[in-house]
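Asks: Sequence:
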Amino acid sequence: MADQELQKDKVLIANGQGFWGDSILGPIRLVNEGPLDYLTLDYLAEVTMSIMQKLKSRDPQKGYATDFVEMCRRVLPLCHEKGIKIIANAGGVNPVACREALAAVIREQGLTGMKIGIVEGDDILDDLSSLIDGGEEFQNMDNGQPLKPYLDQVKTANVYIGAEPIVEALKLGADIVITGRATDPSIVLAPMMYEFGWTMEDMDRLAAGTIAGHIVECGAQCTGGNFVHWKEIPDMARIGYPVIEARPDGSFAVTKHEGTGGRVSVETVTSQLVYEMSDPANYITPDCVADFTSIQLRQDGKDRVEVSGITGRPATDTYKVSISFHEGYKIISQLTVAGPEAVAKAKLCAEIVFDRVAMDGVTFTDEEKFVEIVGTNVCHQGIVDAPEDPAEVILRIGARSEDRAKLDRLGMEIVPLVTSGPPGVTGFAGGRPKATEIISYWPALLSKGKIETRVSVEKV
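So that you can map any letter, position 248 of the sequence shown is 370 in the working numbering, and since no number is skipped, the others follow by simple counting.
Since the hints were made in silico from the structure, they are not lab data.
Misleading hints may appear alongside valid ones.
[What the hints assert, rightly or not] Lysine to any residue pairs mimicking SDA-like chemistry, simulated, CA-CA at most 25 Å apart:
1. 491 x 549
2. 293 x 437
3. 469 x 523
4. 452 x 500
5. 132 x 207
6. 528 x 581
7. 491 x 476
8. 277 x 143
9. 207 x 277
10. 178 x 195
11. 581 x 196
12. 556 x 541
13. 176 x 523
Fair warning: this is a prediction, and the values are worked out from it, not measured in the lab.
Make a model of the complete structure from these sequences and hints.
Replies: Put into structure tokens, the structure is as follows:
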């Protein structure tokens with residue numbers, strides 16, 4: 123522990139967004155429904171970064187989670203009144219533009235004097251060539267391939283940074299901290315480090331804060347959302363988003379505001395704990411390696427779970443890097459096929475489409491074709507029995523290729539099935555499909571010494 127005097131004996135941290143597109147009501151309700159010290163918001167997934175980079179390429183003032191700015195417009199006055207600080211990785215690939223947009227909202231609302239901090243340095247897209255020349259191979263963690271042969275296909279490259287620069291921004295007085303690709307747990311760990319004076323040597327406490335962040339990183343998924351016993355979850359429309367009651371020794375409680383829907387139980391928390399966990403004894407983050415097998419859970423009354431006993435070890439000497447790259451194009455469309463022998467008719471529809479484009483000189487290999495008949499147990503094949511003769515199915519049909527023109531030609535032959543295919547083709551969704559780019563994920567590692575984060579705090 124650091125020698126500094128502890129500021130609080132507990133800190134309330136709530137996470138109101140599990141991804142870009144999560145309900146805007148989550149953070150709004152959290153701020154209104156009860157006491158909070160920190161509101162954290164997790165907007166980023168691997169595919170999100172490529173979407174944001176595409177937006178930035180079209181407009182240099184874009185590339186961040188615009189939902190974040192609009193949400194802040196609704197909660198900032200009350201956050202300012204209650205003294206709630208906000209931490210979000212909403213900056214995406216453009217934290218500076220995100221700060222500028224948020225500052226405009228603050229000025230509009232007459233809340234001048236608030237301080238916005240941003241963390242930069244995670245975006246290494248422009249540095250990839252020099253890093254590779256310096257010996258970093260960025261080997262794909264799934265197949266071991268080096269990145270260099272694919273360098274001209276790369277769209278984004280972002281390091282998963284940790285809690286330290288967020289803590290630095292808080293020390294500089296930031297009321298709001300915006301980051302790029304900070305890890306999901308780190309945005310929750312950071313306020314604990316700041317408030318309790320934890321250092322990078324406090325391994326067990328860092329691991330505890332990391333696990334707290336992991337529990338709440340998907341928002342309501344730990345308070346009854348996506349829960350196997352969903353019928354037992356009350357008032358899911360008003361499901362409460364999670365609140366962490368953190369303490370200086372690293373123990374904490376998972377709870378939610380009173381009067382909200384959902385449930386916090388050992389079972390709901392455990393369900394989230396095993397989500398995207400990998401090796402439970404070695405949960406690797408840029409801040410530490412947390413041991414999930416050390417976790418002790420105890421129900422402590424209604425909608426309150428105590429978490430304790432967590433242990434951790436020093437972090438690795440590498441950062442994980444999220445790289446997205448171009449891998450061709452795809453097209454996908456769907457038709458509703460109803461009536462007797464719906465499955466046989468859907469199969470025939472797929473054959474007709476590929477045969478017709480072949481007549482026009484456009485062919486696809488079996489590996490390039492995509493045909494899926496929803497209603498025949500495609501989601502649970504081999505787990506539960508499929509219905510023998512469903513009254514209706516959805517035909518999802520498409521292909522992938524490096525040739526966009528081939529795919530667009532395929533898309534032209536799907537709608538005609540309504541009048542020139544078997545009977546029962548009753549619904550067509552989305553209009554004529556167009557080819558879209560395939561963005562694939564390339565996970566890699568990078569020596570930590572090659573990265574330097576930058577923190578700046580400005581008063582509005």
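Asks: Between the alpha carbons of residue 178 and residue 195, is the straight-line distance 25 Å or under?
Replies: holds, 22 Å
Asks: Straight-line Cα separation of residue 528 and residue 581 no greater than 25 Å?
Replies: violated, 53 Å
Asks: Taking only the CA atoms, is the gap from residue 491 to residue 549 under or equal to 25 Å?
Replies: Holds: residue 491 and residue 549 sit about 22 Å apart, inside 25 Å.
Asks: Compare the distance between the alpha carbons of residue 207 and residue 277 with 25 Å, and conclude whether the hinted pair is satisfied.
Replies: violated, 33 Å
Asks: Between residue 581 and residue 196, does the CA-CA distance stay at or below 25 Å?
Replies: holds, 20 Å
Asks: With a cut-off of 25 Å on the C-alpha distance, tell me whether residue 491 and residue 476 pass.
Replies: Given that 25 Å is the threshold and the Cα spacing comes to 9 Å, the pair holds.
Asks: Are the Cα positions of residue 132 and residue 207 separated by 25 Å at most?
Replies: Answer holds: residue 132 to residue 207 is near 15 Å, not above 25 Å.
Asks: Starting from residue 469, check that the Cα of residue 523 is at most 25 Å away, please.
Replies: Roughly 22 Å separates the two Cα atoms, so the pair holds.
Asks: Does residue 293 pair with residue 437 here, judged by a C-alpha cut-off of 25 Å?
Replies: The given pair, whose Cα atoms are some 23 Å apart, holds under the 25 Å limit.
Asks: Mind checking the alpha carbons of residue 556 and residue 541 for me, to see if they're no more than 25 Å apart?
Replies: Given pair residue 556, residue 541 holds - Cα atoms ~21 Å apart, limit 25 Å.
Asks: Holds or violated: residue 277 with residue 143, Cα cutoff 25 Å?
Replies: holds, 22 Å
Asks: For the pair supplied as a hint, residue 176 and residue 523, confirm whether the alpha-carbon distance does not exceed 25 Å.
Replies: Given that 25 Å is the threshold and the Cα spacing comes to 20 Å, the pair holds.
Of the numbered hints given earlier, the model fails hints 6 and 9; all others are met.
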